[in-house]
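S.K.: Following the hints, put chain B in place on chain A, whose structure we already have.
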Amino acid sequence: MVATIAVRDLKKSYGSVLAVDGISFEVEQGEFFGILGPNGAGKTTTLEILEGLREPDAGQVTVLGMQPWPRNAALLPRIGVQLQASSFFERLTAREQLRTFASLYGVSQQRADEMLSTVGLDDRADARTEKLSGGQAQRLSIACTLVHDPELVFLDEPTGALDPQARRNLWDLLRQINSDGRTVVLTTHHMDEAEILCDRVAIMDHGKILQAGPPAALVRGLDSPVRISVESGQLDLAGARKLAASAGGTDGVTDDGVSLTIATREPAPVLAGLAEQHALTGLRVQGATLEDVFLSLTGREYRA
Amino acid sequence: MKGAAFRSLSGAMFRGYVRDRTALLFSILIPILFLVLFGSIYKSSSTPKLSVLEVGRVALLDNAAGGLHGVLQVTKGDNLATALSQVRKGNDDAAVQQRGNHLIVHYSIADQTTASVVQTVFASIVQQADQAQVGATHAYQLTTEQVENKSLKPIQYLAPGFLGWAIASGGAFGAAITLVTWRQTKLLRRLRLAPISTASVVFARVGVSVLVALIQMAVFIAVATTPYFGLKLTSDWWLAIPIVVAGTLAFMSIGLLIGAFAKSQQAASAVANIVILPMAFLGGSFIPLNFAPQWIQDVSYAMPLRYLVIGTQDVMARGEGVGAALPAIGILLGIAAVLSLISVRVFSWDYI
Chain A
269 MVATIAVRDL KKSYGSVLAV DGISFEVEQG EFFGILGPNG AGKTTTLEIL EGLREPDAGQ
329 VTVLGMQPWP RNAALLPRIG VQLQASSFFE RLTAREQLRT FASLYGVSQQ RADEMLSTVG
389 LDDRADARTE KLSGGQAQRL SIACTLVHDP ELVFLDEPTG ALDPQARRNL WDLLRQINSD
449 GRTVVLTTHH MDEAEILCDR VAIMDHGKIL QAGPPAALVR GLDSPVRISV ESGQLDLAGA
509 RKLAASAGGT DGVTDDGVSL TIATREPAPV LAGLAEQHAL TGLRVQGATL EDVFLSLTGR
569 EYRA
Chain B
1219 MKGAAFRSLS GAMFRGYVRD RTALLFSILI PILFLVLFGS IYKSSSTPKL SVLEVGRVAL
1279 LDNAAGGLHG VLQVTKGDNL ATALSQVRKG NDDAAVQQRG NHLIVHYSIA DQTTASVVQT
1339 VFASIVQQAD QAQVGATHAY QLTTEQVENK SLKPIQYLAP GFLGWAIASG GAFGAAITLV
1399 TWRQTKLLRR LRLAPISTAS VVFARVGVSV LVALIQMAVF IAVATTPYFG LKLTSDWWLA
1459 IPIVVAGTLA FMSIGLLIGA FAKSQQAASA VANIVILPMA FLGGSFIPLN FAPQWIQDVS
1519 YAMPLRYLVI GTQDVMARGE GVGAALPAIG ILLGIAAVLS LISVRVFSWD YI
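Protein chains in written order, with our numbering: chain A, 269 to 572; chain B, 1219 to 1570.
Read the hints as simulated data drawn from the structure, not as lab findings. Each residue gets a CB set at the ideal place from its N, CA and C atoms; glycine is no exception.
Here are the simulated lysine-lysine pairs, DSS-like style, with alpha carbons at most 30 Å apart: (1) B:Lys1481 to B:Lys1404; (2) B:Lys1261 to B:Lys1294; (3) B:Lys1261 to B:Lys1307; (4) B:Lys1261 to B:Lys1371; (5) B:Lys1450 to B:Lys1371; (6) B:Lys1404 to A:Lys279; (7) A:Lys279 to A:Lys476; (8) A:Lys399 to B:Lys1481; (9) B:Lys1294 to B:Lys1307; (10) B:Lys1371 to B:Lys1307; (11) A:Lys399 to B:Lys1404; (12) B:Lys1261 to B:Lys1450; (13) B:Lys1481 to A:Lys279; (14) A:Lys476 to B:Lys1404.
According to the in silico footprint, chain B covers these stretches of chain A (three or more CB under 8 Å from chain B): (15) 341-348; (16) 356-362; (17) 367-378.
Next up, chain B with everything else stripped away, as it sits in the complex:
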């Protein structure tokens, strides 16, 4: 009988959730939309090729073209004036001319990184050509390989970031709104008058939220690993599952605390917004922490969301394992435990 009551409570809550279009929209559709949108915008920015305008004939480029194919994208320029204006505007990275043995490279220092890449690449082209001229044999050979896991493609930080945000708002809003609504409709009282334990009510509700979080995760991974976005899961990606579960518990406990104080649904969702939205910016969901200003990186340590986002990123995209997952899980569970204890102390079945 105990099991039947628990199953039917879970079933009732899950059905109630699935039939709530707004909740589905906010917890799954909008985060996925963000992922698709930002994933598409930043998709091409990861491995930039230098776009070079060839003004007149530059024989050196022809010779070097084979080896530099992955680095340079060469187009013919009309004349020097228009080519320079293109470079000045940032549409192209460099304009190149060759006069006899003299190679002239025009570049802009507006983007210093690109400027130094341009200098280095052309210096090496000239050097190679010199060596070929004197017929020297290659005593040393350099092979370069990109370390994929260190330099993240956008999808690798966008997916964990938006997933973390989706799970955080799902957990916090879900718990807060449920608590306030059930108190308002007196369903909470009604459940207290039924011969079932408080634990089975709480576990049924938590179970539904965890299930929803795992569905969010599955949808995110499905979208991010499509060839279009090209997320490659690393070997220990499954460790993201316990991290997501711990994150759900942590954010449900935040929602529980909000719900314990809020008197109406509007108040509950307003407060949940005030908590979650800034956290999404400061905790690495909307602004990837690798690119964030130092102060945000410092502040992020105080944000529960950080541990969810960085934890899932580490095991899903950076190829890290249990060593990265355990601290994240531990911190998230700790937050859940502390906030739940506080919530239980301030909790009341109804308003007096």
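So here's chain A without its partners, still in its complex pose:
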């Protein structure tokens, strides 16, 4: 079985800037694959090469078993690309917009109108796209991407500037796209988003893939301590240290006057000890997240 996307030793530079520096990865059919990385990591360039918008300098790329470059008319109807919310014709209504895109792919207007319902924009069908909210515009943009029922969907930062409600709302839609059997490739720098949506992620920086795998596996691979915190005042600092030591080692105990926090790699005995002392009020147990993996790989220093 041929992978939906197969990339081997891909390289691309702009002048002296090496945007993509020899990456290899595969995406299987039906997978939800995320490419994560800071700005300028090479995510967008990688996506553009997969979509057939740019010619790679070196390496092999096959998408659905075909070469995306040069512009491959046989491939285009099978992929759907979402660029950004404002890639619309000026001054058209949501319905006209979707119908226009549908006609470019030879898809019926009826199917376009159905798509409008799928993304929940029936009541905004006659609104000009300039009047849509950020979340609505993003939904319409995704509808335009899906109107021709592509097998493979590329989404570039789909939740970029949305508020939390709109983001969650969009996540449901993205999950639905994937559960219909489509392969989805997503770039994002929201780690929570990647952790929730993606089957597998690749973390990129400086044009290279630093790590790839299911988010949970990456987090486990980080082997970081679990942070257990309870409300302050139930246990003093010395008691907490003793408890942690008896549980088999600690990575630090702190009390900031609001919460007492124990970092440990052996959470079970610590939790049992806290329970014995009836000191579980306000309990929170936090494991490492994908964000910790990301920061440990790409560094914590701020990049403008």
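M.R.: Just chain B now, with coordinates in the frame of chain A:
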């Protein structure tokens, strides 16, 4: 499917255009407003009658009045002093007195053309009166007829001038702004990712601009041919249609070139203004070339707008035919071809 995609692209672009109030304002309303305004101002200046003040009784004018009705407009003047002051100010062209057989004509040489017309007219009045006196028969008779097509009424150069300007700015701004906007919103990329040819995108956009240009032309002709402005289309006026189409292509290619370099809409419209506005003055739109100083007439040959304005004027108002239209069409298409080729070379789908 190909045809459906092309039709729906054209439909989308046309709707987008019609819903753009600013574009409608600038491409149709303002040029028409100019036409109406300047058409009204210059309407009466085409066939000036001499306004003559009659001081006292001038019998010669009574005798000659029938034949001179089309040339003179005679009003009674109060006295010589006020009449002379009116002539001096230019409100009237001449003041006339008659003392016995002596006709005295006062005129100003501030306007030399009028001055010589006054002299000629009154000389002929006196001559006619002399001949009537001696009872000579007319051996020769002179009939004068105005050659309408040679001496243009203002509407005949104003309409093609403003129409040319409207089409030039519509084409150049339309192409430049569309290209920059579509690149900015990445719509250009999105279209490249759809299974349609670049040609159908380009032809749809050009088709919309040509349609808009023909609408501009129809509105202009409708306004200019109203009895108020009185433009009379000459027989081969329809040749203006291919000239307007070729002009649209030429100015779209100018816009395309601007759009290929401009990074923002503001920059694109600023550059388009810098190109089109001076051209409107130097290419015969705002200053009719017949009345323009020699240097403007010389410079106008380098202005694409000249060929659009003069071409439409020739076939719409001057009664010329294919012989005048073909060179104009050829030059405009040539400009379109050369600039489009350059644009394609410098074109990019997006910024890197």
